[in-house]
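Protein chains: 2
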Amino acid sequence: MSKIMPLSGFPEWLPAQRIVEQRFLERIQRTFELYGFASLDTRAVEPLDQLLRKGETSKEVYVLRRLQADPNDASDASLGLHFDLTVPFARFVLENAGKLHFPFRRYQIQKVWRGERPAAGRYREFIQADIDIVDRDTLPAHYEAELPLVIGDALAGLPVPKATILVNNRKVLQGFYTGAGIEDAEAVMRVLDKLDKIGPAGVTAELAALGVAESQAKLCLALAEISAHDASFVDEVGKLGVSDPLLEEGLAELAAVVEAANEHSPGLCRAELKIARGLDYYTGTVYETQLAGLERYGSLCSGGRYDNLAESGNDRFPGVGLSIGVSRLLGALFGENAVTASRSVPTVVVVAVAAEEDRRAADRIAATLRSRGIATEVSPNAAKFGKQIRFAERRGIPYVWFPGQDGAGDTVKDIRSGDQVEAAAGQWNPPSSDLHPAVEGTFN
Amino acid sequence: MSKIMPLSGFPEWLPAQRIVEQRFLERIQRTFELYGFASLDTRAVEPLDQLLRKGETSKEVYVLRRLQADPNDASDASLGLHFDLTVPFARFVLENAGKLHFPFRRYQIQKVWRGERPAAGRYREFIQADIDIVDRDTLPAHYEAELPLVIGDALAGLPVPKATILVNNRKVLQGFYTGAGIEDAEAVMRVLDKLDKIGPAGVTAELAALGVAESQAKLCLALAEISAHDASFVDEVGKLGVSDPLLEEGLAELAAVVEAANEHSPGLCRAELKIARGLDYYTGTVYETQLAGLERYGSLCSGGRYDNLAESGNDRFPGVGLSIGVSRLLGALFGENAVTASRSVPTVVVVAVAAEEDRRAADRIAATLRSRGIATEVSPNAAKFGKQIRFAERRGIPYVWFPGQDGAGDTVKDIRSGDQVEAAAGQWNPPSSDLHPAVEGTFN
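Chains as they are written, first to last, in the numbering used here: chain A, 1 to 444; chain B, 445 to 888.
What the hints contain is simulated information worked out from the structure, not anything from laboratory work.
Treat the hints with care, as some may be off.
Label pairs and their calculated CB-CB ranges [what the hints assert, rightly or not]:
(1) B/E801 to A/L240: 22 to 32 Å
(2) B/G737 to A/G267: 53 to 63 Å
(3) A/A156 to B/T582: 41 to 51 Å
On the chain A side, residues computed to face chain B include the following (Cβ under 8 Å) [claimed, not checked]:
(4) L34
(5) E95
(6) I109
(7) K111
(8) E186
(9) D235
(10) T376
Note that the structure is predicted; figures quoted are calculated from it, not measured.
Heads up, the beta-carbon is just placed ideally off N, CA and C, and yes, glycines get one too.
Same shape as in the complex, but just chain A (with noise of 0.2 Å):
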C-alpha cells in the first residue's frame, strides 16, 4: 500500500484556502457572465490524435487506460485527459457547430492535466479559466481589445496585486521582419521570444545562425526593446524605418488594443514589442499578463487570436481568447501567505445544545436562521458551553446562539467581542460582513 501523502505537482488546498479558490472563481466567473460569455463544461477526455494534432505537446499528455480493457470494445479507443481548454472547445464547436450560435462566447473553468516534471508554479493538474470569441468565416478585431478588459475587471475584483497585461501583435512582428527583408520570419520571432532568456546577444548568435544580417538582427532587437502605454509606439516603430502593409494592419490593431484599455482601465496594458508566445499558433494579437511582485511565477494569464480555431470542410472556426492559471495564481498568493479566509467554514452561528434531549429545539431554531440564509450548525454535543464556544472558535465561526432556559428568550453571542444580546431566530440578523468568510489579500 502506498504511503498517504501529497503527490507532487497535484495541489489540493485546506478547507480556508479552498474559500479563497472559491471567491476567485465566482468572481471569475460573475466577471465573465457580466460580458455574456455563456459557460461550457467539457468532458476531461479527447481521442488522443486530437490532442496530439500540434504535436509539439505530445509529452505532456496523459493516456487513459481500462483496468479490465475489453480489446473488442470500440469505446476502448485511446483517450487522454486534456492538456488546455482550447482542443476541447474546438472539438465542441466542430461537433455542434449547428446548434451554436456565432460569433460563440464562452467561458470554461475546469482542471487541465499536463504530464510535465512539477516545478515551482508547474503542476500536474491544475485549474483554468478561459474566455474565447469564436466565429464563422471571420472575427471582427474588436474583440482583441474587449477580452483584455474582461480579464481586467475580473482580476480588479480579487485582492492580488495590480495586473499589466502585455500585449503585442504577431502581424507587427511578421510585417516587420517581412519589411526588413528577412525571410523566415517565424524562425527569428521564434528567436526573439527567448530574449529574456538568453539576452540580447544570445539572439544576435542565433539570428546570425539563421542567416540573418547584423544589421536586420539589430532592427529586430530595437522592435523588442519598444514598451509603451498608449499608441506612442507606433511612432517608435515608424522611427526604425521598416515598412510593410501586414505591419501597419497589425500597429493599427495594437493600437486600438492600447487605447480601449486606456479608457476602460488606465494602465491596464502596455504594448511590449518584444511579446510573441512561443509556438502557439496566433495570428493577431499576443496577451501575457504580469502582477506586481508575483513577475517570477511568470504570465498569470495568456492567449491570443488564432484564424482558425477548428475548420470542418469548408467551414472555418477564427478566435480569440485568454486563460487566467487560476491554480498558478493561488499557488503563488498561498506562497506569499498574501491571501487568507476569516474561517475554515461557511458557518456564521452555532446553536448551542445545553442537553441532549434539547436537540430538536436547537434543530428547530437553525432550521430559522438557514431559512433566512445564515449559514448554522448545531453544537455536536451537549458539552459544557465553553467547549462549545471553543468548537466555534477553532474554526473562526464568529456566533453561538444560546436557547433560551426556563421562558427567558434566546440569546446570541458574538464570541470575539464577547457581546451577548437576546435574540429571535426569525429576525436576527449578522453583520452583512460576517455573511460569509471575509476573503482578504496583503494586497487589498
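Start from chain A and add chain B according to the hints.
Showing chain B alone in chain A's frame:
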C-alpha cells in the same frame, strides 16, 4: 484522425442545458453551505493501490500513464482517476488529520470516472455532489438524522419531482437476522438486497441454498416487506417476534431518522426495511432516493453510515455521507424534456451599434450596465437593426439597447413584447425575473 463525434458515456451539455446544470449546482452548494459544510476539491487522481483497496471496484478504474513516461521517475507511480469522492476524502482526512477540526463537515462537487460499459443513465464521467460528516473515534447518531434533511432541502429548491429518501439501518438487518438464529447475516443481507430483481421466490431459493431454514426465510421476507412514513414500523417489526439488542438499537436510530424528517419535511423519508445498499461497507443508516416518475433511473442519491471511513494507527474516523448523482439526475430530466432554461446565454441586454465609429460609445453604455450587475453584450457589427435584434432573439436575450442618435436619449426595447422606452444606462433596471436566465421544469 478520429471522427469528431460524441463519446458514449461522456455526457456534454449544450449552453442552455449547462445553464440548468449551473443552477442545480449553485442551489445544491448553497444548501450544503447553509448547513455549515465546507467545500473540498481533491485532485482527480489517486495511487492505484488506494483505489483498489476494496477489491470489488477494480474493473471500474481508469489508469493513467504519461505518454512519454520516464521509468526512473518515482512520480510516475501508478495513478488512476477516482471513481467516487469517498476514497479521496478518506485519503485527504488521513493526510491532513492534524490540520482539520473534527467533527469535520465537508461537501465535494466533482467529476468522477468509471470505466463501466455505458448504458442509459450510467456514465463513464459524471458529477457527484457529496456531503459527509466524519469524526474521530465516535460519531453521534444524530448526524444520520440530519443528512437527509440537507438533501431534502437541496432537492426541494430544484425543479425536480418530489423526492422520497428510503432509509433503513444495517443494525436492524444484522440484529434481526442474528435474532432469528441466522449465522451468516452478511450473506443473507446480500441475497435480500436482490429482492426487487429476483422476487420472493428467488430469494427463498437462494436462502435455502445458504442453509437458511424456511421459517427463517419467511421472517426475512416479512421484514423486507415493512415500509412506513413514520415510526409505526417499530411495532410491525415487533410483531415478527424476533428480539436482539442490535435490532433494538437499529430500530431506535431508524425511528429517530424518520421522526426528524417528518418534523422537518413531512413525507421526505420512508423507512423501507428491504434496503441494504449491496456490498457497500455501511454499518448504520443507509439511504436511497426515488424521484416520483423517475423511479426507473434508479437511486439518484445514496449513502449511509460507516464506522471506518479511514484508519491510521490507533485513529479511526467514522462517518456518514450522502451523494447526489447530479449528472444522472440531469440526464434523466433532459431525457424527459422536463427542464429548460429561458435563454442560452447569461446576457440581459445587447447594445446596438448604428455604425462602427459608434462602438466606443456602445462599449461605455455596456460598461455602465455591467457595473450595475446587468450582463451586457455589444452587437458584433453595425448591421441593420433588424439583424441586430435577431442576434438577440436567437439567443433568447430579452432586451436591445439603442444609443440615442443626434442628441436624442437612449431607448431600450423588450424584444418579446416590442415595448420600447427611454432609459439611462446608469438607472435602468430590468425586472428581477429577467436578470438571470429562468430555469423551469414541468415539475415546479
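Taking the hints in turn, this is what the structure says about them:
1. Between B/E801 and A/L240, the C-beta spacing of about 30 Å keeps the proposed range 22 to 32 Å intact.
2. In this structure the hint that B/G737 and A/G267 lie 53 to 63 Å apart at CB holds, the actual value being about 57 Å.
3. At roughly 48 Å, the beta-carbon separation of A/A156 and B/T582 lies within the given 41 to 51 Å, and the hint holds.
4. Taking 8 Å as the C-beta contact cut-off toward chain B, the hint placing A/L34 at the interface holds, the least distance being around 4 Å.
5. For A/E95, the interface hint holds, since its Cβ comes within 8 Å of a Cβ in chain B; the closest pair sits about 5 Å apart.
6. The interface hint given for A/I109 is violated, since its Cβ lies 11 Å from the closest Cβ of chain B, which is over the 8 Å cut-off.
7. The interface hint given for A/K111 holds, since its Cβ lies 6 Å from the closest Cβ of chain B, which is under the 8 Å cut-off.
8. Given hint, A/E186 at the interface with chain B, is violated; its Cβ is 24 Å from that chain's nearest Cβ, farther than 8 Å.
9. The criterion of a C-beta within 8 Å of any C-beta in chain B is not met by A/D235, whose closest approach is roughly 22 Å, and the hint is violated.
10. For the restraint placing A/T376 at the interface with chain B, the shortest Cβ-Cβ distance is roughly 7 Å, inside the 8 Å limit, so the hint holds.
Consistency with the previously given hints fails for numbers 6, 8, 9, ordered from lowest to highest.
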